[in-house]
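Whenever a hint applies, use it, and build me the whole structure from the sequences.
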Amino acid sequence: DTEVTQTPKHLVMGMTNKKSLKCEQHMGHRAMYWYKQKAKKPPELMFVYSYEKLSINESVPSRFSPECPNSSLLNLHLHALQPEDSALYLCASSQGTYNSPLHFGNGTRLTVT
Amino acid sequence: QKEVEQNSGPLSVPEGAIASLNCTYSDRGSQSFFWYRQYSGKSPELIMSIYSNGDKEDGRFTAQLNKASQYVSLLIRDSQPSDSATYLCAVNILPENQGGKLIFGQGTELSVKP
Chain U
1 DTEVTQTPKH
11 LVMGMTNKKS
21 LKCEQHMGHR
31 AMYWYKQKAK
41 KPPELMFVYS
51 YEKLSINESV
61 PSRFSPECPN
71 SSLLNLHLHA
81 LQPEDSALYL
91 CASSQGTYNS
101 PLHFGNGTRL
111 TVT
Chain P
1 QKEVEQNSGP
11 LSVPEGAIAS
21 LNCTYSDRGS
31 QSFFWYRQYS
41 GKSPELIMSI
51 YSNGDKEDGR
61 FTAQLNKASQ
71 YVSLLIRDSQ
81 PSDSATYLCA
91 VNILPENQGG
101 KLIFGQGTEL
111 SVKP
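Chains as they are written, first to last, in the working numbering: chain U, 1 to 113; chain P, 1 to 114.
Mixed in with the good hints there might be a few duds.
Said to hold, decoys possible - The calculated lysine-lysine pairs, modelled on DSS-like cross-linking and capped at a C-alpha distance of 30 Å, are:
{"no.": "1", "chain 1": "P", "residue 1": "42", "chain 2": "U", "residue 2": "41"}
{"no.": "2", "chain 1": "U", "residue 1": "41", "chain 2": "U", "residue 2": "18"}
{"no.": "3", "chain 1": "U", "residue 1": "40", "chain 2": "P", "residue 2": "113"}
{"no.": "4", "chain 1": "U", "residue 1": "9", "chain 2": "P", "residue 2": "42"}
{"no.": "5", "chain 1": "U", "residue 1": "18", "chain 2": "P", "residue 2": "101"}
{"no.": "6", "chain 1": "U", "residue 1": "40", "chain 2": "U", "residue 2": "19"}
{"no.": "7", "chain 1": "U", "residue 1": "38", "chain 2": "U", "residue 2": "22"}
As the list claims (entries may be wrong) - Covered by chain U, per the in silico footprint, the following chain P stretches (three or more residues, Cβ under 8 Å):
{"no.": "8", "region": "13–22"}
{"no.": "9", "region": "28–34"}
{"no.": "10", "region": "45–54"}
What the hints assert, rightly or not - So these bits of chain U aren't anywhere near chain P, every CB distance computed over 10 Å:
{"no.": "11", "residue": "26"}
{"no.": "12", "residue": "59"}
{"no.": "13", "residue": "73"}
{"no.": "14", "residue": "78"}
{"no.": "15", "residue": "99"}
Hint data in this document are derived by calculation from the structure and do not stem from the laboratory. Only a predicted model underlies this, so the values are computations on that prediction, with no experimental measurement involved. Glycine included, each C-beta is placed from N, C-alpha and C at the ideal position.
Here it is as structure tokens:
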């Protein structure tokens, strides 16, 4: 069982909808991540939060808005998405040091219609 | 040049054979390296981490690191059909004070034939 929990598992939304992806970890990790993965491609980094502060934004379009309410929670707010944004969205956490592996949640499969 | 490169495969080996997966990286300052396994439709699962030159063994898995050659490899001994998956090489690019930045290679698809 994964120790990083993502909800929902599946999400279908229209281009005018607003939705949120949620991620929770209880491993005491200090860094949390959002990755996007398209079929047959590797995970692609979107955002990194370190100690609840946004430390890395990989030039992600503003229609994706991350939020870290506390050290255990990470949200990704979605608005006015495009069909090409359909993908598997992965949340991960780590201790935040250079030698810390990332622990991934099971992901949210997003379809934009 | 891509930051992390892998042969995409597919790599096909018979059951019981050794599977060899390779990865090169471009940032000479990288200090930590990981191998993840990803089954179709699932999320990546950590298999091995390695930080020092040489070999690191864990059960049927051996990770090898050569920083001078900027090369990381994963050997899977006694391959089983259940090992059939995509194997992702990942390199942590500093800065550490920003939580690190884990970059993945394209992944190698491994197929173990019974």
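So, going through the hints one by one against the coordinates:
1. P:42 <-> U:41: Answer holds: residue 42 of chain P to residue 41 of chain U is near 13 Å, not above 30 Å.
2. U:41 <-> U:18: Answer holds: residue 41 of chain U to residue 18 of chain U is near 26 Å, not above 30 Å.
3. U:40 <-> P:113: It holds: about 21 Å lies between the C-alpha atoms, which stays within 30 Å.
4. U:9 <-> P:42: Within the cut-off at roughly 11 Å; holds.
5. U:18 <-> P:101: 28 Å, holds
6. U:40 <-> U:19: 25 Å, holds
7. U:38 <-> U:22: 19 Å, holds
8. 13–22: violated (count 0)
9. 28–34: With 3 residues close enough to chain U, the hint holds.
10. 45–54: Our answer is that it holds, as 4 residues pass the Cβ test (under 8 Å) against chain U, meeting three.
11. 26: At roughly 17 Å from the nearest Cβ of chain P, residue 26 of chain U sits farther out than 10 Å, so the non-interface label holds.
12. 59: 13 Å, holds
13. 73: 16 Å, holds
14. 78: Non-interface label stands for residue 78 of chain U: nearest chain P Cβ at 19 Å, farther than 10 Å.
15. 99: 4 Å, violated
Consistency note: the structure conflicts with the earlier hints numbered 8, 15.
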